[in-house]
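Given the sequences, and given the hints that come with them, work out the whole structure.
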Amino acid sequence: MTAPTPPTPPFRDPHLPFAKRIDDLLSRLTLEERIGALHQFTPAVERLGIAAFRTGQEALHGVAWMGPATVFPQAVGLGATWNPELVRRVGEAVSRETRAMRARDERVGLNVWAPTVNLLRHPLWGRNEEGYSEDPRLTSAIATAYTRGLRGDHPVYWRTAPVLKHWLAHNNETARDTTSSSVRPRVLHEYDLRAFRDAVEAGAVAGVMPAYNLVNGRPNHVSPYLREQLRTWTEEELLVCSDAGAPSNLVDSEHYFDTHEEAVAASLRAGVDSFTDHGTDSSVIVGRLEEALRQGLLTEAEINGAVRRQLSVRFRLGEFDPGADPYGDAGAPQAEGAADEHAFDTPEHRALAREAAEQAVVLLKNDGLLPLSPAHTRVAVVGLLADECKLDWYSGTLIHRSTPLEGLYERFGAERVEFTEGVDRVLLKTSAGAFLHVPPAPDTPDTARGAEGALDPALLAGRTDLAPLTAGPEGTELALVDWGEGVLTLRAPDGRYLSVAEDGCLRASADQPGGWVVQETFRLEPHGGGHLLRHVGTGLPVQVAADGVKVAPENPSAGEGAAAGQDAAAGAGPEVFELIVTEHGEEAVARAAARADVVVVVAGNDPHINGRETEDRTTLRLPVQQELLLRAARAANPSTVLALVSAYPYAVDPTDLPAMLWTAHGGQAAGTALARVLAGDVSPAGRLPQTWYADDADLPGLLDYDVIGSRQTYLYFGGTPLFPFGHGLSYAAFAYGDLTARAGEQGVRVSFTVTHTGAVTADEVVQLYTRAVDPSVPRPLRELVAHRRLTLAPGETADIVFELPLSAFAFWDVTAGRWRVEPGRYELLAGASSADVRQRTTITLDGETAVPRAVLEHGLDAAGFDEQSGTEIVDRTRESGDAVTPVAGQEGELVFGHCDFGNGAREVTVEVSGGGTVELSLDDGPVLAALSPSAPTSGPYDYVTLGAPLASAGAPVPTAGVHEVRLRLRGALRLARVGFSG
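Under this note's numbering, the final residue of the sequence shown carries the number 1962; numbering is consecutive throughout.
Be aware that a few hints might be false.
[Claimed, not checked] Cβ-Cβ distance ranges computed for the label pairs, FRET-style: (1) Ala1931 to Glu1783: 49 to 55 Å; (2) Glu1847 to Ala1713: 41 to 47 Å; (3) Gly1724 to Ala1778: 19 to 25 Å; (4) Pro1755 to Gly1884: 48 to 54 Å.
Source of the hints: derived by calculation from the structure; they are not laboratory data. We treat Cβ as the ideally placed atom computed from N, Cα and C, and that holds for glycine.
And the structure:
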């Protein structure tokens, strides 16, 4: 007798709605299994036939960390294309390669952690390369396009599930897990939230990742905005994945909670659904969650909610419907027509990588030198990046590679191109008279770092199979590059970089600098008539020992005046080296430049050195060695082109340069793209996605997040930039005309024409800005509301129409706590950049009249100020709410405009914690009340309410009418709220 086939459980029935299927699966999971699902690495549930799952697959500009993949331009380069449709196609290619790679390597995840939508508020941020723009609308347009490509266009199933990084107001690596971004309500809504919101509302986002930092004194991993904002923007279930190690930071570095059980419980209640902590070992987080549940800090219902959101992503990815999933893994049953869903390194992807790299090139200046004629131009290509195709921390391993030199060889012919790198050639001589020597490497094929793929590339070890450096009579000439701030690399003649592995030995073993802790960087420190060679990664000096050259602790017994060389020779202390320069790089550059018709200087950064995750830059200046090379080339040949290849802006004076370009590190096709632009095969049409400031003095403090108060970004910066937001030149010319604008009940219709008046087919990026003519509060000097990249043939005219919703003209009204369109005149500016305005017109909007603050009825929330000085916003409680405190050692002031006191108030109350004084005055008048606790409160969250009279009984009330309220704060005091009574 045949046993009956067991019925298909409802969670396996593709005809049921996902919600019912998730309900069924949740009911079948034990509590232990549900808690286990809250770690990044969710174990399999074999009794139900459910596979293991992990959140997180890096895919910022290609599939990262998991081996060879198509490498597209860095995210800031994709932002420079100003082309959402192109970026959508890039996202589509990346998601297809993700599926293809997963089909052969189950470690590859489908929950992709990309894109990064943090706004590029400050150009010294170390992770500038990861963002798209300083502008929230451009950022959201590019991010929405990328997520749509990653998601796919099936109405039910997703090709990959993108997670936006990093929630919220995150633009500094310096002390990134302990610093707090003070974000006033207007900046929060008009700037930081906007980029996230527009992308989420577009419907192609699976979740977000909170950032390491705090916002208004509260860690992002317990942010109330996850509930109050994020999850109100869509009806989709959104998965919130913690950043790596951040749950433990809540106790270990931030000291925000006393115990890890409190921390994980608070995170989960705030909205975190998946904990990325302790690598693949889930036992620590699971144990903390179980103990939190036992202590009553969590409920089973809260655990179920988090698991439900993770399961929602897994269902959308088709995991439980292999026969219906159009993107299904190779070898599994697939829907008809799904074959191309596993496209990998196809000719189409290679062509797309080149197209993206070409569209990302920005022509900053051109006095007629460009384009070059390949048939009649002898080119000297020089510079530290001239023969480099650099990768960053979030890159895949290159399958194809094109450097600027290779691109120019291919396009101009090797016989017309001369190359000089411009490095300093040096020997390192020991105090004993020996020279550092690099032993020959065995004749075996090199494998690029990370080529085999790694779930955590930070754990990849350095090579120990090669012989360490030695010291002897024959020295090896090394290529020395100073990348700025004294950080340098040393490279052997065969191209291998000097590196330090776990055994401390110094070897020529790395194909490029890289790794979470870079092991290929050094400093030369003056010492005893020579130099110590200090390894940056370990912080240790280099010494010469009997078994080779290595790093070792300094001899604590050897003083400055000791015979350091004798100690080093005995292997007991650091070696003191004499640096012998056999060739200065600028001299070689000058010789090559003098022989050429045109010099192309390729300068910029290495994405793993000085400005990267964990490390902010300290200056906008180009490193000194590269400035020397540029000056040498320009002095030898006035026809010098500067091509900056970098992850961020530089302050480079272009006055004496006839041509200047910028591109981000452009991925596998970077060199070909740059050469085609230089040769005129492609007319450049990239546009700057952020302001290029002229000097460090133009920058706000790195930790000053008040873009309004400190006048940051093109929106508020009133100075003269080196190059403005949206800037980019072309080999063609375009004329704008016939600008009209018509306001209706729902929005504004703007139309104008763009005519190609040049001689070659080219792209133009049309930009439309708006400006409130006479605002009642500080508003942007100009604000991007629409843009379009289009291709025009010579003589062709395009009719441009933009339909702007009225919300495009709104600002966040702190008096009402909502968006408001202010009545009045608005200027519309159409042109080629934020500064290059070709047409303008003005419209009048009815809007909504402002209503004064009804302070007798509602009081004042301290963080709802109009202006401030010397204060920062902090957390009112650990769970929610804001308070304001003076910056340490300063007197702070808060200004609240248009406060309606009606017939007047006789008493003021303040809710404060800590100790100090609050002084109240109206307009520019005298102090009416000063309130101080009799003694400091016991803690920052222990608030007391203090009161003081504003008028004595029977006396006239001085507060009647509408006034400006000024509050001065002194001491270690937190002010949460001010109340008034009649």
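Hint-by-hint comparison with the structure:
1. The hint said 49 to 55 Å for the Cβ distance between Ala1931 and Glu1783, and at roughly 54 Å that hint holds.
2. Against the hinted window of 41 to 47 Å, the Cβ-Cβ separation of Glu1847 and Ala1713 comes to about 44 Å, which satisfies the hint.
3. At roughly 23 Å, the beta-carbon separation of Gly1724 and Ala1778 lies within the given 19 to 25 Å, and the hint holds.
4. The given range of 48 to 54 Å is broken by Pro1755 and Gly1884, whose C-beta atoms sit roughly 30 Å from each other.
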